[in-house]
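Visitor: Letter by letter, the chains look like this.
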Amino acid sequence: MIIADQKPLAEIRQITSRFQKLLVVGCQECVTVCFAGGAKEVAVLSSALRMAEQIDGNPKEIVEFTSVRQCDPEYVLDLADKIAKVDAVLSMACGVGVQTVAEHFPNTFVLPALNTTSMGRNTGPGVWVETCAGCGNCILAETGAICPVARCSKSLLNGPCGGSHKGLCEISDDVPCAWAQIYERMSRLEMLATMEQIAPPKDWSTARDGGPRKRVREDLQL
Amino acid sequence: MEPQVVAFCCHYCAFAAADLAGTMRLTYPANVKIIRVPCTGKADMLYLLRAFEDGADAVFVAGCLEGNCHYLEGNLRAKKRVQYLKKLLDEVGVGGERLEMFNMSAAMAQRFAEAANEMTERALRLGPSPLRKRELVEVKAQ
Numbered sequence: 018m019i020i021a022d023q024k025p026l027a028e029i030r031q032i033t034s035r036f037q038k039l040l041v042v043g044c045q046e047c048v049t050v051c052f053a054g055g056a057k058e059v060a061v062l063s064s065a066l067r068m069a070e071q072i073d074g075n076p077k078e079i080v081e082f083t084s085v086r087q088c089d090p091e092y093v094l095d096l097a098d099k100i101a102k103v104d105a106v107l108s109m110a111c112g113v114g115v116q117t118v119a120e121h122f123p124n125t126f127v128l129p130a131l132n133t134t135s136m137g138r139n140t141g142p143g144v145w146v147e148t149c150a151g152c153g154n155c156i157l158a159e160t161g162a163i164c165p166v167a168r169c170s171k172s173l174l175n176g177p178c179g180g181s182h183k184g185l186c187e188i189s190d191d192v193p194c195a196w197a198q199i200y201e202r203m204s205r206l207e208m209l210a211t212m213e214q215i216a217p218p219k220d221w222s223t224a225r226d227g228g229p230r231k232r233v234r235e236d237l238q239l
Numbered sequence: 033m034e035p036q037v038v039a040f041c042c043h044y045c046a047f048a049a050a051d052l053a054g055t056m057r058l059t060y061p062a063n064v065k066i067i068r069v070p071c072t073g074k075a076d077m078l079y080l081l082r083a084f085e086d087g088a089d090a091v092f093v094a095g096c097l098e099g100n101c102h103y104l105e106g107n108l109r110a111k112k113r114v115q116y117l118k119k120l121l122d123e124v125g126v127g128g129e130r131l132e133m134f135n136m137s138a139a140m141a142q143r144f145a146e147a148a149n150e151m152t153e154r155a156l157r158l159g160p161s162p163l164r165k166r167e168l169v170e171v172k173a174q
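Protein chains in written order, with my numbering: chain A, 18 to 239; chain B, 33 to 174.
Chain A with its partners taken away, still in its complex shape (with noise of 0.2 Å):
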């Protein structure tokens, strides 16, 4: 899923500043699973932002809501109604949120509250690491599903540096090298042979590197 975390809350006091009235919205979706954005989060900036501008002297208004899904123009046209009453929408969706919202309201301040960072999982209690950089061509199945692009810092494809070192990355004892995870696998599953192929250079038109990506599926176009 996607991971995002708050911005620290003097800079979300900064982006809101002019702002009296403001729609402070979630997402149950992604940013609920890494507790960035969810029901619980936006109530609790939205505690901290009325006690922090109230003792500044200018109280704001705040209104608090989560949608399903910030990135579906059927859920996010919901929130006409509230927009129409406020003076901006402070977004705590990852950044495909903010910028729908933004879409659909094209007169309306829509700003955002996290940082959005990348597509990864859950490793433990509080913890999300980046698993995949959606580079459009997916190798996982001649890397024992584990990705290079996205876990090895130098996104290699012929197996780890000369930096790899009992099993981490030379960048920091808290990454693991993803060639020795892969090497690790691969040889539990008696797949060592495949590695001994050599992967090509990648062609990287199809991740980000080649634009901005749209898909379409013809058949769902009415």
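If you are wondering where the hints come from, they were derived from the structure by calculation, not from laboratory data.
Derived lysine-lysine pairs resembling DSS-like cross-links, with alpha carbons at most 25 Å apart: (1) A:K57 x B:K119; (2) A:K38 x A:K99; (3) B:K118 x A:K24.
Please build the complex by placing chain B on the supplied structure of chain A, with the hints as guidance.
Guide: Chain B only, in chain A's frame:
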């Protein structure tokens, strides 16, 4: 105006300790308002924030001794929430010192009285919550 101190006390330990403090006629400030929760793990961040939004000068969460939580780790969750909120309250301008977590067993009536005394003393020392605008006068327990 008296300081408003709100205490979220777990049913199994802290609330029992508070009861015992009463039975033992230990003195603690009368302006501590006790809210009984089944476990401090139930004390949501929003309960604590709401207490401050509604004008509390100090808030404390009192639970079982670590390792002895009746619901195993509720008090550890509360501890983490209190730590998080202390930092948030500093950023907000209310002050993280107004919030604290205490641990005690049901027999530790004296500890409850200490906690109540300490948080009331902090409320007096720090002054009324910036969300309130009135002077504070200490109310001595009868």
